[in-house]
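Chemist: Same order as they appear, the protein sequences are chains A and B.
First residue of the first sequence: 1, per the working numbering; consecutive thereafter.
First residue of the second sequence: 1001, per the working numbering; consecutive thereafter.
It should be emphasised that the hints constitute simulated quantities derived from the structure, not laboratory data.
Where hints are given, some of them may not hold.
[As the list claims (entries may be wrong)] With a straight-line cut-off of 35 Å between C-alpha atoms, the simulated DSBU-like cross-links for lysine-lysine are:
| # | chain 1 | residue 1 | chain 2 | residue 2 |
| --- | --- | --- | --- | --- |
| 1 | A | LYS78 | B | LYS1176 |
| 2 | A | LYS281 | B | LYS1141 |
| 3 | B | LYS1188 | B | LYS1176 |
| 4 | B | LYS1123 | A | LYS148 |
| 5 | A | LYS281 | B | LYS1128 |
| 6 | A | LYS54 | A | LYS281 |
| 7 | A | LYS100 | B | LYS1128 |
| 8 | A | LYS172 | A | LYS148 |
| 9 | B | LYS1160 | B | LYS1141 |
| 10 | A | LYS172 | A | LYS231 |
| 11 | B | LYS1128 | A | LYS68 |
| 12 | B | LYS1160 | A | LYS100 |
| 13 | B | LYS1132 | B | LYS1176 |
| 14 | A | LYS249 | A | LYS172 |
| 15 | A | LYS148 | B | LYS1132 |
[As the list claims (entries may be wrong)] With beta-carbon atoms standing in for the labels, derived distance ranges:
| # | chain 1 | residue 1 | chain 2 | residue 2 | range |
| --- | --- | --- | --- | --- | --- |
| 16 | A | ARG193 | B | LYS1188 | 16 to 24 Å |
| 17 | A | LEU284 | B | GLU1084 | 42 to 50 Å |
| 18 | A | PRO79 | B | ASP1091 | 49 to 57 Å |
| 19 | B | ASP1090 | A | GLY149 | 30 to 38 Å |
| 20 | A | GLN139 | B | GLY1122 | 49 to 57 Å |
| 21 | B | LYS1188 | A | GLN288 | 27 to 35 Å |
[To be verified] Quick partial rundown of chain A residues pointing at chain B, CB under 7 Å, derived from the structure:
| # | residue |
| --- | --- |
| 22 | ARG99 |
| 23 | GLN139 |
| 24 | TYR194 |
| 25 | ALA198 |
| 26 | LYS249 |
| 27 | PHE264 |
| 28 | TYR276 |
| 29 | ILE277 |
Glycine included, C-beta positions come from ideal geometry on N, C-alpha and C.
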Amino acid sequence: MNIIAEMKKEKSRRSFIKNISLATFSALALSGCDMEAFDEFLQQNFRTLSDEEKNEIVKNLEIKYKEKYGKEFHVSDKPAIEGTLFGYALDLSKCVGCRKCVYACVNENNQSREPQIQWIEVLQMEKEKGIDFADSNAQYNPEKVPEKGHFYVPVQCQQCRNPQCVTVCPVKATWQEPDGIVVVDYNWCIGCRYCMAACPYDARHFNWGEPTVPVAELNSEMHYLGNRPRKKGVVEKCTFCIQRAREGKYPSCVEICPVGARKFGNLLDPESEIRYILENKRVLVLKQELNFQPKFYYFFGN
Amino acid sequence: MKRKVYRITQISVIFIILNIGLFTGCNNKGSDNIETNKVYTELTGNITSEKGEEYAVEAPPFSDGIFPCTECHADMESNPVRRELVDMHDDISQIFNHDSENRWCLDCHDLNNRDSLRLASGKLLDFKESYKLCGQCHGEKYRDWKVGVHGKRTGEWNGKKEYLLCVHCHNPHSPKFRELTPDPPPIKQEEIK
């Protein structure tokens, strides 16, 4: 009796599978899309790809972006330069809180304008209280800055040596590159936002909606692990402008800063600006007690 | 055995269903082709660091028509007595705020060689080397500037760099930074729709 019931059940399951398969295949045929998206869906984690595969993927992306946006793009997959470990220093005695860095970063890294995503947040703090996140204000908007009795702490990804955002990622979609930059593979990210919960610096940002960037403002120099267009449902973050840094250039926040408060370089090079700062200035890292060991240092130049 | 086959078919069905969602979501739209403009700054000078590296700098920022100074001063009699300037350079007198209690024009400008600056030692300096003049008082800043820590550097973190002279950011007659208008604050969380 039991066997008969089991057989009946199997039969109905079998016909269900048969029908659904037919339906999906016909839907597939009707949808009219090429196999590109299918390939993209089956693409492996970026770190497991061979150089040839990476090269093919970025070439395909260039074609895809050209079709989509109607202009030429260069998508790089350039790996870390050997013997580099990037570090960053910000002079708290100079920053005036003008937010020029915030918007230079938005433009350079194709951050969504609507809904708004900004990788840098400038916090205004009271000199009387010192560094105090609980009492900080990101919404300050006076006629002129700096305001009396205040100082400014711009916060972005601190590029930790011990990044817990990486540890918690259940699918290994984010990792630390050999040059110390923590990156995200947007194709692999499942949008669980565990990394955002793990980051004590609020440095990771989620695409709650389909990101929008005016085509005219799209930066066409891109890196696969950096500023290429993202999609809804993935997490993004500062990459020290990986598309610039790996070409030897300063990040765009360094280039724009009107008071020269931002410094960037190779921590492994004893002659670099960043090493001079570490050796000669009073340096601090944010939330040191957490032992995430940021490579983003704050210092007092004056 | 049969069960195993069913299991595999089941998985592939789920997989295909997932794919439909992916395909229906893809459509390619063409957009306007607009090229981005780039601004190039002309660099006219060079600084040589202690290590012998050369860095490009922009030319010193003179007010229109002010240089060379000898254009006017050549026919004028020199007067070394400290005084308030009234007929000419009164705009500078008005803003002058750089240890104004103890210093005036001829502490940095040379009395006899108007197109030169002058160190405390009496040594003459070209305007392109004004940073050496600043450095005679601001030694620590000068040291930091030479290694790229004070002031702004652009270019390559590991190669060619472009410097700014002290006077590109600080008005030598009134060196304190002017206040800036901040760019707009981020959208508040409660305003996100």
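Chemist: Determine for every hint whether it applies to the structure shown.
Modeler: Evaluation of the provided hints:
1. A:LYS78 to B:LYS1176: Roughly 43 Å separates the two Cα atoms, so the pair is violated.
2. A:LYS281 to B:LYS1141: holds, 12 Å
3. B:LYS1188 to B:LYS1176: holds, 33 Å
4. B:LYS1123 to A:LYS148: Not satisfied, since the Cα-Cα distance of roughly 40 Å exceeds 35 Å.
5. A:LYS281 to B:LYS1128: holds, 29 Å
6. A:LYS54 to A:LYS281: violated, 41 Å
7. A:LYS100 to B:LYS1128: holds, 29 Å
8. A:LYS172 to A:LYS148: It is violated: about 45 Å lies between the C-alpha atoms, which goes past 35 Å.
9. B:LYS1160 to B:LYS1141: holds, 22 Å
10. A:LYS172 to A:LYS231: Since the Cα atoms of A:LYS172 and A:LYS231 sit roughly 18 Å apart, the hinted pair holds (cutoff 35 Å).
11. B:LYS1128 to A:LYS68: violated, 49 Å
12. B:LYS1160 to A:LYS100: At roughly 24 Å apart (the allowed maximum being 35 Å), A:LYS100 and B:LYS1160 satisfy the hint.
13. B:LYS1132 to B:LYS1176: Holds - the C-alpha atoms of B:LYS1176 and B:LYS1132 are around 19 Å apart, at most 35 Å.
14. A:LYS249 to A:LYS172: holds, 28 Å
15. A:LYS148 to B:LYS1132: holds, 32 Å
16. A:ARG193 to B:LYS1188: 16 to 24 Å: Given range 16 to 24 Å: holds, Cβ gap about 20 Å.
17. A:LEU284 to B:GLU1084: 42 to 50 Å: holds, 47 Å
18. A:PRO79 to B:ASP1091: 49 to 57 Å: holds, 55 Å
19. B:ASP1090 to A:GLY149: 30 to 38 Å: Distance hint for B:ASP1090, A:GLY149 holds at roughly 34 Å.
20. A:GLN139 to B:GLY1122: 49 to 57 Å: holds, 54 Å
21. B:LYS1188 to A:GLN288: 27 to 35 Å: The hint (27 to 35 Å, Cβ to Cβ) holds, given that B:LYS1188 and A:GLN288 are roughly 30 Å apart.
22. ARG99: Holds: closest Cβ of chain B sits about 4 Å from A:ARG99, inside 7 Å.
23. GLN139: Since the shortest Cβ distance to chain B is 5 Å, the answer is holds.
24. TYR194: violated, 21 Å
25. ALA198: violated, 20 Å
26. LYS249: holds, 6 Å
27. PHE264: holds, 6 Å
28. TYR276: holds, 5 Å
29. ILE277: OK, holds: A:ILE277 within 7 Å of chain B, min 6 Å.
Consistency note: the structure conflicts with the earlier hints numbered 1, 4, 6, 8, 11, 24, 25.
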